[in-house]
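**Student:** For reference, the chains in residue letters:
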Amino acid sequence: MSGKPTTETGRRGAFALLVALVVLAVIASLGLGAVVIPPSEVAAAVARRFGLAWGSEPSATAVSVLWNIRLPRALLAAVTGAGLAVAGAALQGLFRNRLAEPHLLGIAPGAALGGVLGASVGGTSGAVAGGTIAGMLTALILKRLSRSRSSEPSRFVLTGLALGLAITAWVGFVVFTGDRTRIPPMEFWLLGNLAGTTWPTLGTTTVLVSLGIAGLLAGGHSLDLLTLGEADARRLGLDVGLTLTVLLLAVGATTGAAVGASGVIVFVGLVSPHLARGVVGAGHHRLLAGSALVGALVVMSADILGRTLASPREIPVGLITAAVGGPFFLWLIRDPEFTE
Amino acid sequence: MTTLRAERVSAVVPGRRLVYDVDLTVTPGRLLAVVGPNGAGKTSLLRLLAGDLEASSGRVLIGESDVADLHPSELSRLRAYLQHAPAVDIPFSARRVVALGRHAYRHDPGNFRERDAQAVVTAMADTETSELADRSFRTLSGGEQMRVSIARVLAQDTPIVLLDEPTAALDVGHGERVLLRLRNLAQAGKTVVVVLHDLNAAATHSDEVAVMAEGRIVALGSPESAFSATLLSEVYRHPLRVSNHPFGPGIIVLPEKG
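Chains as they are written, first to last, in my numbering: chain A, 290 to 629; chain B, 1191 to 1448.
If you are wondering where the hints come from, they were derived from the structure by calculation, not from laboratory data.
These numbers were taken from a predicted model, which means no experiment stands behind them.
We treat Cβ as the ideally placed atom computed from N, Cα and C, and that holds for glycine.
Away from chain B, derived, C-beta distances all over 12 Å, residues of chain A:
#, residue
1, A305
2, S345
3, I422
4, A458
5, L480
Not everything, but these chain A residues come out facing chain B in the computed CB check (under 7 Å):
#, residue
6, L514
7, G518
8, R523
9, R524
10, L525
11, G526
12, D528
13, A571
Taking the hints into account, I'd like the entire structure generated from these sequences.
**Tutor:** Structure (structure tokens):
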């Protein structure tokens, strides 16, 4: 891609811009929805939360909507987006495959199966726990299936795709035969949904996703080495097998917690790392951090659109990410550098 | 400590013997060139020496240690390896690629970033790649990528250096200078093994040559003793002549005319 900032200042500026956009998206998420709360009232409510009597007294309804509905939802959108995007960036690095991402490789569908089973036992927290465990297990299955990854990258992606489709069918079996009052509907496991997010769910998901992201950031240097190919990475001292296992477990946990809490939101894990690479460069510490910000921004923006486009009805967040992400991805792969 | 030794080592894959029953010792301060026709097992031998390919029988020793018993991180401090066709699609700057060669020393308490930086600068100067440092690796020409990859191997700064056709993509000037640099490394006490196709480069720059054919070493010794016209013609299945170098010591090998 052209126009990559190569200077240190340029990259710092890019990070500052991304952080500013994420903050803006949070503020927009708080104000926009079925009821529009003006920015002054949002600011006043936030200020009062921190004990500052700033601006005019916000209405009790506005305070309740902001704190009990919109803020946890916006933050879960950010956490989910960050988690899926970092997982995608890590998978692309681990397998040196620009099509690698949690959904296409079957990890998100695997997490969905764990999530739906967890939900039928333990509701929302069961979904997050089940998603996390199943995400990690699917990642390990993927490692076994990936023995042919270097010789046949397209077969590897097709393997993940087939795995994912088969698992999604099992998710359907559980949904359609299970207790509909406890289990989120099928569209949750196909398109995601952030409605009804509670603080406890947000808290658990944030801890799990943060742990996964931290693990992947710690593996940033190993991912840099792997760009040389597995053979050269090993010759330079990397224990490739161990690295794959540890980082895939982190990818599985990150993806799984996000899917358990928000359902399956497609395209974020694929598109965000490519966007981030164009802005912050290809070194993995920067790429993972940049992907987290881009992913948070993408899912928050998609959720704002989903809540406002057909208000008061809601469009599932995954429909928006697919509707925007699909054409964007088509544009992206036009770049000759992409298929090199 | 850093003598490299192969003891009756073989590598067999289903249906094929890659390397068969090779005995070889390379001592510090020596440069060994491995030559032979395509498919003779040169790369497989180099990979066995690097601990990259598991021996089916026999063993490879670095000093007293069997390479099969060494962890990748231990091996990475003992030997550097340039593969025949290094990865080309690397989205990093040339400097960053060379700096990855320092991975082995990443967790050393006594290692300072300055030493890493110095090793990178020296390796890039030695391979005439300093002016490419900020260029994206994937935009470099094949020969430039090869020189940056060689710089990465030099930056690893190991007592044993193994290179698979380092000069294949290089013009004659850069090729000669890379081989002279490898000679200097050997003279400075390193153990150097290099796979070459150019028999004259091998004759000029190495202390010892190993001629391989069908997985075996069929001749081993100084270029003058190992390069006999009869043996080379047989191995390469083409009439070759060996004569004294027209201007200088040593020998040259040329194909028979017609």
